[in-house]
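*Asks:* Input sequences plus hints: build the corresponding full structure.
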Amino acid sequence: MASSTHVQHDQESSLAARRDLLDRHGYLFGQKLAASMSPLLHEVVYRELGLRWEQMRLDSTDMDLFLRLMHHPKFYGASVTMPHKVSIIPHLDQLTDECRDVGACNTIFLRADERGNRVFCGANTDVIGVRESFVQNVSSPAAVYENRPALVIGSGGAARSAVYALRKFLQATDIYLVNRDVGEVEAVVAECTARGYGDRLVHVATVEQASALRGPGAIVACVPDFAPMTDAERLVRHITEVMLQKAHKGAMLEMCYNPSPYTALGALAEAEGWQVILGTEAMIWQGIEQDKYWTGRAASELPVKEVKTAIAAKLAQVSKL
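Numbering (full-length UniProt numbering), first residue to last: 1 to 321.
It is worth saying that the hints were derived from the structure and are not from the lab. One thing to keep in mind: the hints can contain errors.
Unchecked claim - Listed next, the in silico SDA-like pairs over lysine to any residue satisfying Cα-Cα at most 25 Å (straight line): (1) Lys314 <-> Glu48; (2) Lys74 <-> Gly50; (3) Lys168 <-> Val144; (4) Lys32 <-> Leu65; (5) Lys292 <-> Arg24; (6) Lys292 <-> Gly157; (7) Lys246 <-> Arg148; (8) Lys308 <-> Leu65; (9) Lys249 <-> Phe169; (10) Lys305 <-> Ser139; (11) Lys292 <-> Pro90; (12) Lys314 <-> Leu28; (13) Lys314 <-> Phe226.
*Replies:* In structure tokens, the structure reads:
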């Protein structure tokens with residue numbers, strides 16, 4: 001316990017020293033943050049806007065520590081990642097509709113009440129990342145994905161955000177769910193239904209079922225870039241191939257971008273004539289949405305082009321390593 005307390009004290013001291021050099025500061029709060037490009041994204045935004053701000057990594061499971069830090073007068077907000085996206089919610093005063101409906105918070109921002117007191121608010125910008133990936137990159141939504149079925153591959157947190165975005169923003173009809181674990185699919189359906197957007201979710205469990213369904217217009221792939229090894233994983237890939245081979249060719253958002261956004265599944269989709277949207281698009285647009293909350297500026301006022309250039313350069317560097 002003494003050792004843990006000592007480490008915590010050193011961490012707080014280090015953060016305080018950096019904090020004192022800034023006008024405003026925020027955090028990336030979670031675990032395994034070393035590879036995250038979130039601080040880089042926001043660094044570019046603040047530099048281009050001439051702001052002496054910084055998002056600092058807080059690699060920690062200590063919720064009490066974070067709650068103390070976010071009450072500092074210079075705190076502007078935070079990105080929240082695993083394992084805190086759900087556990088942070090009871091500590092917040094208000095939630096956006098997306099945050100409440102998805103049941104996960106990846107963004108904390110501040111508002112003032114009528115007395116000028118700070119109100120701690122939670123948002124889920126992951127759903128905006130999915131939405132904007134399609135909106136910003138597909139030139140004819142009506143012809144490509146609107147009023148058509150959609151497909152979500154996977155069943156984690158990203159898949160839940162994808163279901164929400166497809167249902168609420170992208171005018172999907174049926175949403176097909178494909179995943180190697182039946183229980184996980186059932187959990188997604190139950191949670192989405194309980195929160196009011198689980199209608200017309202269809203678990204596609206066999207190749208025969210996939211063959212009989214109308215082809216999707218939008219696909220969101222939320223699985224790692226690993227070759228299928230088990231029978232269940234091979235079945236998921238086969239079902240996906242059936243969907244990709246249908247006559248209608250739409251757009252696929254490949255959420256996986258680490259270590260490279262160029263995945264085997266993305267290559268397969270391109271070979272079948274689909275437009276592939278890289279996962280970095282979702283990451284960038286959810287980050288831009290965060291900075292809209294934090295800076296009070298519109299997306300058109302934020303340096304999106306410069307962010308994209310910096311992220312592409314970082315990915316190229318990582319790929320070489």
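*Asks:* Against each hint, give a clear statement of whether it holds in the structure.
*Replies:* Consistency of the hints with the structure:
{"no.": "1", "hint": "Lys314 <-> Glu48", "in the structure": "18 Å, holds"}
{"no.": "2", "hint": "Lys74 <-> Gly50", "in the structure": "17 Å, holds"}
{"no.": "3", "hint": "Lys168 <-> Val144", "in the structure": "17 Å, holds"}
{"no.": "4", "hint": "Lys32 <-> Leu65", "in the structure": "17 Å, holds"}
{"no.": "5", "hint": "Lys292 <-> Arg24", "in the structure": "15 Å, holds"}
{"no.": "6", "hint": "Lys292 <-> Gly157", "in the structure": "23 Å, holds"}
{"no.": "7", "hint": "Lys246 <-> Arg148", "in the structure": "13 Å, holds"}
{"no.": "8", "hint": "Lys308 <-> Leu65", "in the structure": "33 Å, violated"}
{"no.": "9", "hint": "Lys249 <-> Phe169", "in the structure": "20 Å, holds"}
{"no.": "10", "hint": "Lys305 <-> Ser139", "in the structure": "18 Å, holds"}
{"no.": "11", "hint": "Lys292 <-> Pro90", "in the structure": "24 Å, holds"}
{"no.": "12", "hint": "Lys314 <-> Leu28", "in the structure": "18 Å, holds"}
{"no.": "13", "hint": "Lys314 <-> Phe226", "in the structure": "22 Å, holds"}
When the structure is compared with the earlier hints, a violation turns up for hint 8 alone.
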